[in-house]
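Colleague: Knowing the structure of chain A, use the given hints to seat chain B on it.
2 protein chains.
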Amino acid sequence: MRRDNGNVSTNAEANVQHPLTGFELKAVLRESARDKTIFLHGKVSSGSENCNDAVIILEKTPFQMDTVSSLLKNDPELKLQLKNDIYGVYHLSPSPELNEIKTTVICPASEKHIKKYLQQEVYVIHETEDDYKAITLPYIESQSFSIQWVYNILEKKAEAERIVYENPDPTNGFVLIPDFKWNQKQVEDLYLIAICHQRGIRSLRDLTVDHLPLLKNILEEGKEAILKRYSIHGNKLRIYLHYQPSYYHLHVHFTVLGHDAPGSSVERAHLLCDVIQNIESNPQYYKTRTLTFALREDEALLKKFKELRDI
Amino acid sequence: MRRDNGNVSTNAEANVQHPLTGFELKAVLRESARDKTIFLHGKVSSGSENCNDAVIILEKTPFQMDTVSSLLKNDPELKLQLKNDIYGVYHLSPSPELNEIKTTVICPASEKHIKKYLQQEVYVIHETEDDYKAITLPYIESQSFSIQWVYNILEKKAEAERIVYENPDPTNGFVLIPDFKWNQKQVEDLYLIAICHQRGIRSLRDLTVDHLPLLKNILEEGKEAILKRYSIHGNKLRIYLHYQPSYYHLHVHFTVLGHDAPGSSVERAHLLCDVIQNIESNPQYYKTRTLTFALREDEALLKKFKELRDI
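From first to last, the protein sequence lines are chains A and B. Counting from 1, one number per residue, gives the positions in the first sequence under this note's numbering. Counting from 1, one number per residue, gives the positions in the second sequence under this note's numbering.
The shape of chain A in the complex, shown without the other chains (with noise of 0.2 Å):
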C-alpha cells in the first residue's frame, strides 16, 4: 500500500501541480534552533480553492557518515566568521544534492492542524515560598484534573502487569512502573516512574525530614530494580523530581544519561540525591525557599501568577 502510494506519486509528478505552487507564508508557528526544524502555516495554490491552507514542516537531515567527506574534500567554498588562536568558525555552502531538507506538506490543512504545531510562550517563575501559599497552592486545591488513573495504579486496578517493582509499605513504599512516553524497546531512551503509596504529597514543596525514609528508599530501591530488570547501573542514571509536576501526587523519575528526556532540564528537574541532601541539611528547605520554574503561555498557573504578580 504504502509502496503503491510512492509509485503513483512518483510517475505523475511530471504531470501533476507542484505541491508548493504559488507558497505565501502566512505564519511561523513553530521553530526548533536545537533540531533544525520550522513548522510554517502558508497558503499553496495547489490545493482546491476553497481548502489551501497549508502546513508545512521542514528539517534538516542528519549527516551521512558516507557522504560528510564530500562535504569537505576539494576546498569547499567557507566563509570565515571568526578566528581565535586554533579555533575557526566558517560558514560552508555545499552543494544541494549533499545537503537536502526533508520538507512534509500537510494540505489542506485545517484549523486544528495549524494549532496543533503553534508554539507557546514560555515564562520564568521565581515563586517564593508566600507566592506558593497565595497562587500556587490555591491552584492546586482547587483544579479539577483527576488522578484517578494514579490511584488505580497504586491499587492494581489498571496496569498491574506493567509494574517493576513495588515497595508495599503504605509510608515509605512506592510502585516503579515505566512511563508512557517509553516504548521498553531499548534502554537507550529508558523512563520509568516511581509513585509513592502515600497519599496528600502534593510535590517538592511539601517535603519535609518525615519523607527522608521514603525518598531514601525509592533511590536506592528503584536503582537496584532496574539494574536487575534492565541490567542498568545505577551510575548511569538521571533520577529527578519535577517542579512544577504534571500532577500533584509526589513521584519521581528515572530516566538514562545520554538520553535527553524532555523535562530533565534544569528549570524544571531536581536531583533526587540533592533533593535529600537540601532536606538534611535543612529540614525548612523546600517550605521556605523560592523554587524557579518556566510555564507555557497556555497553564491556567500562568495565568493566576499574571493576575497577581507582575511577571
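If you are wondering where the hints come from, they were derived from the structure by calculation, not from laboratory data. Model, not experiment: these values are computed from the prediction.
Same chains, same names: a pair is fine if it fits in one copy or spans any two.
In silico EDC-like pairs for lysine to aspartate or glutamate, Cα to Cα no more than 16 Å straight-line:
no.: 1; residue 1: LYS26; residue 2: ASP66
no.: 2; residue 1: LYS43; residue 2: ASP75
no.: 3; residue 1: LYS102; residue 2: ASP35
no.: 4; residue 1: LYS73; residue 2: GLU24
no.: 5; residue 1: LYS156; residue 2: ASP85
no.: 6; residue 1: LYS228; residue 2: GLU166
no.: 7; residue 1: LYS181; residue 2: ASP35
no.: 8; residue 1: LYS43; residue 2: GLU111
no.: 9; residue 1: LYS112; residue 2: ASP53
Modeller: Then chain B, alone, in the frame of chain A:
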C-alpha cells in the same frame, strides 16, 4: 587585533591556504541525528607538517524566519518520498546560500581535543567536599588545558568587536559575548556567555559571599544587556553555571527557554538565581556540599575518581 585577523583571513582566503586543504577523514568521533551535528577527526595539510590533526565540527544551521520563504517560493526542486491522503513528504534541494553548514575547525588538534568530542559512556559522580579536595582540585591544578583564548577575550586581543556588554570592574565586572555555538542569526537559539574579569575563580566550588556582588552583576546586567540588544526579556532566559565546567575560569551561560541547549540538563546546570540564594542562606554551601555531575568514559577526571573511589 581580532578584526585584523578577520580581514587577513577574509581577504586572504584566495592567497592563504584553505583550512581544509588535503582533507582526509580519519574517524567520525560523534554524531547526533537530532541536532544535525557531526564531529570528525581529520588530517589537513594546511597545518604545519608535524601538527595537522584537526577536529572538524559540522552543524546544519537553524532556519531563519527572514529567508525561509525563499526556500519554498518559485517551485523548488522536490523529490517525492511518500504521499498518503493529505500528507506528502519530499526532499528539497535548496540553493547553497540558503542552506549553509556551520563548520568549526580546530587545528592543530591535540589528543585532548579529539578525546573531548569522542562519543563516550557517561557516569554519574557524587563529589563530596573531600573528593573535591583529594581528586578534583589536584586534577584542575595539574591540567594543562590552556585558557589563553579566555584571556584574549578579556584583554580585547580577540573577538573584541563581538562583545555585547562589559562591566570593566576587575573584581565584580565581566564580559558578555555570544557563545561559539550560536550563529547570532536568530534569537530562537540565543546563547551568550558572561566571563568574569576576576581570575582564579575556578568554578562553583570557589564561590563564597565575597562573590555575591559579581554574581548579581552578571545576573542583572546580563539580562538588561540582552533585552537591549536582542529584545529578549529576562523572564525568557535560562541563566546558569556548569559543574563541571568545560574550562576553569568562572563563566555563566545565558540561553533562551524553549531551546534546550546542550548542557542545560539538571546533572550539569545550576541556575544562577539558585546559586545566589544557596550562598546567601549558607555561605559554605558550595564548599561543603556533595555535587553531582556526569563524566564521560575518557575524561581524565573520571579516571582519577575510578582510581581513588568506587564508581
